[in-house]
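Protein chains in written order, with this note's numbering: chain A, 1 to 226; chain B, 1001 to 1386.
It is worth saying that the hints were derived from the structure and are not from the lab.
Note that the Cβ used here is the ideal one computed from N, Cα and C, for glycine as well.
Any given hint might turn out to be false.
To give a feel for the contact side, a few chain A residues facing chain B, derived at Cβ under 7 Å [what the hints assert, rightly or not]: (1) N61; (2) K111; (3) V116.
For lysine-lysine, the following DSSO-like pairs were computed, each having C-alpha atoms within a straight-line distance of at most 30 Å [to be verified]: (4) K120/A x K1002/B; (5) K1258/B x K120/A; (6) K1239/B x K140/A; (7) K1340/B x K1062/B; (8) K1062/B x K121/A; (9) K122/A x K1062/B; (10) K1239/B x K121/A; (11) K67/A x K1373/B; (12) K1373/B x K14/A; (13) K1015/B x K122/A; (14) K140/A x K1002/B; (15) K140/A x K1373/B; (16) K1062/B x K140/A; (17) K1002/B x K165/A; (18) K1373/B x K122/A.
Listed next, with one range per pair, are the computed distances between beta-carbon atoms [unchecked claim]: (19) L78/A x L1329/B: 25 to 33 Å; (20) E89/A x H1004/B: 20 to 28 Å; (21) G150/A x E1381/B: 24 to 32 Å; (22) H1004/B x N177/A: 53 to 61 Å; (23) D71/A x E1381/B: 49 to 57 Å; (24) G176/A x H1004/B: 30 to 38 Å; (25) G176/A x I1347/B: 56 to 64 Å; (26) D85/A x L1270/B: 39 to 47 Å; (27) E1381/B x Q126/A: 34 to 42 Å.
Okay, here's what each chain looks like letter by letter:
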Amino acid sequence: MTQVNHFIEIYGLKKTYQSGDTNVDAIKQMDFFIDDEEFIAIMGQSGSGKSTLLSIMGALNHPTQGKVLVDSLDLYSLTTEQRADFRSEYIGFIFQSFQLIPYLTVLENVKLPMAVTGQKKKTKNQMALEVLARVGLGAKAHRLPDQLSGGEQERVAIARAIVNKPPIILADEPTGNLDSKTAEEIMMLLQSLNKDGHTIVVVTHNPGVKAYATRTIRVQDGECHA
Amino acid sequence: MKLHNISFGNIKRRKGKMLFLVLGLVIGISTVVTLLSITQTMTWNIEQRLNQFGANIVMVPKSENLSLNYGGIDVGGVSYNVREFDQEKLANIRTIKNSKNLSIIAPKVLGPVKVKDKNVLLMGVVFEEELALKTWWHKTGGVFPKMENEVMLGFQAATLFGFKTGDTINLLGKSFKVTTILKPTGGSEDDAIIASLGASQRLLGKEGKLSMVEISAFCQGCPISEMTLQIAEKFPNAKVTAMKQAVMSKMQSIDMFKSFSLGVSIIVILIGSLLVLVTMMGSVNERTREIGIFRAIGFRRGHVMQIILLEALLLGIIGGILGFGIGNLIAYGIIPLVIKDGVFAGINMNLGVISILMAVALSLLASLYPAFKASNMDPSEALRAL
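Working from the sequences, and respecting the hints, build out all of it.
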């Protein structure tokens, strides 16, 4: 039954949260695959379980049942520290509302994922400046996040997600806090990253995102419909 | 980018919060430093005063008879052989283990002389040593004798014979100039004629002999009784006695203050660490989101702990330095107020090193639990707190 030719494979996924005495099923039953270099839009209403799905795919949240295989690695059979290493190597997260570290400069925020990798200081600086130039923020490297606009902060968040060149980028509502013009620019940036070879998974309730994706997965009441 | 850049960045850009964190350490360390400085000055001060109390070790020749004298009252009239020891052997006293703690050594020769047909006690002393030891000896006029042919008289002796400063006194056929009369002291010297050691030895026919030696030894925690034994070993023919009562009682009061200081220090340090613990806990809770991000982008639990403990280490160093500086400043200001004639003993660099180490240890200890808690935070829970 198990196939190994997909980049991301999800089998029999179930996630139940305990809320007081009652159990809430955030994810009831999900099985799907994502191939290398796909751009997936996971669409659904809020509370449909899509953010939970993203955190499980990102090795952040232990599922109640089921398996998540990435590059044939069974994520939840790894130890906590191995999953941290996996995230460092495979995943670039773009969080809802940017989540930059307020006391670090733009450049330092971008270099953050490299604080636990072994590159030389010079290489790190070069890589960070390169991705900042890629997202169009080369000139603002030494500013603090609160000196930037929302769109610029989102770009910093994207730069931080791609600086380690992870094969997978997981984005949670990347356009949620942006005006439509900025949102479009961000989606085009993600599209170009996809063309460069990153597998991209975007969780959103914005139907406009669909246009940039190669495939859409709909999530409703904890179940998915491809 | 390294983990320490994150710690530095946090400290640099959240100065207000960090200052509050350092405050706990500063209060603890500065209190300890102030109390220690006060205790040190107190000990030094009492030491100085004790030196003025006179001899605390007395060395007399061993005698086979018991003394029939109590509090200056002789009840026996029994004459016994007064033995002496050799003056040249006295130099040996400087070879004892604790010789550096010997401050004044005052040798004496004693014997009777006749003045106007009455027996008077003649004390031969080394004036310089004797006057340094007997700080309560005050002259009525004139000057203290310096030369071999000069003497001073005890108050009673002078009154009895009607001598005044400037008179000449005849002792066993030799003339001596009375350079001063001592004010009454209540001691044996009131009844004595005090001359130089050499002249007295010749007059009494005891050249090169000593009747007794008074020794003043004091220093912080000096082992007086041990020194007594060391001296006794060098002089088998001498009876060496420590007069330690005064020293003991004074040292006891310092010891009591030391215990009190220690108690206060422990309490203040506990409160300080509690403040650090609470502030660190608050800081960690406040940074839940941040820690979630760190974990999400691939930081291991150990990395998160490193960031927080590194901050604690830096704050410990800052707190230690500030606490030591402020403690010294307070001590400098407060010592003249709480200790009569107290002078700040100066900055003790060893204490500085200990202060910094202590602040670092406290800061790390108080941050251990918050750091552990932070590193064990479930990243998905932390991110849900967004």
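Hint check results:
{"no.": "1", "hint": "N61", "result": "holds, 4 Å"}
{"no.": "2", "hint": "K111", "result": "holds, 3 Å"}
{"no.": "3", "hint": "V116", "result": "holds, 5 Å"}
{"no.": "4", "hint": "K120/A x K1002/B", "result": "holds, 10 Å"}
{"no.": "5", "hint": "K1258/B x K120/A", "result": "violated, 54 Å"}
{"no.": "6", "hint": "K1239/B x K140/A", "result": "violated, 89 Å"}
{"no.": "7", "hint": "K1340/B x K1062/B", "result": "violated, 42 Å"}
{"no.": "8", "hint": "K1062/B x K121/A", "result": "violated, 82 Å"}
{"no.": "9", "hint": "K122/A x K1062/B", "result": "violated, 85 Å"}
{"no.": "10", "hint": "K1239/B x K121/A", "result": "violated, 77 Å"}
{"no.": "11", "hint": "K67/A x K1373/B", "result": "holds, 28 Å"}
{"no.": "12", "hint": "K1373/B x K14/A", "result": "holds, 28 Å"}
{"no.": "13", "hint": "K1015/B x K122/A", "result": "holds, 29 Å"}
{"no.": "14", "hint": "K140/A x K1002/B", "result": "holds, 21 Å"}
{"no.": "15", "hint": "K140/A x K1373/B", "result": "violated, 35 Å"}
{"no.": "16", "hint": "K1062/B x K140/A", "result": "violated, 94 Å"}
{"no.": "17", "hint": "K1002/B x K165/A", "result": "holds, 18 Å"}
{"no.": "18", "hint": "K1373/B x K122/A", "result": "violated, 34 Å"}
{"no.": "19", "hint": "L78/A x L1329/B: 25 to 33 Å", "result": "violated, 55 Å"}
{"no.": "20", "hint": "E89/A x H1004/B: 20 to 28 Å", "result": "holds, 23 Å"}
{"no.": "21", "hint": "G150/A x E1381/B: 24 to 32 Å", "result": "holds, 26 Å"}
{"no.": "22", "hint": "H1004/B x N177/A: 53 to 61 Å", "result": "violated, 32 Å"}
{"no.": "23", "hint": "D71/A x E1381/B: 49 to 57 Å", "result": "violated, 26 Å"}
{"no.": "24", "hint": "G176/A x H1004/B: 30 to 38 Å", "result": "holds, 34 Å"}
{"no.": "25", "hint": "G176/A x I1347/B: 56 to 64 Å", "result": "holds, 59 Å"}
{"no.": "26", "hint": "D85/A x L1270/B: 39 to 47 Å", "result": "holds, 40 Å"}
{"no.": "27", "hint": "E1381/B x Q126/A: 34 to 42 Å", "result": "holds, 36 Å"}
Of the numbered hints given earlier, the model fails hints 5, 6, 7, 8, 9, 10, 15, 16, 18, 19, 22, 23; all others are met.
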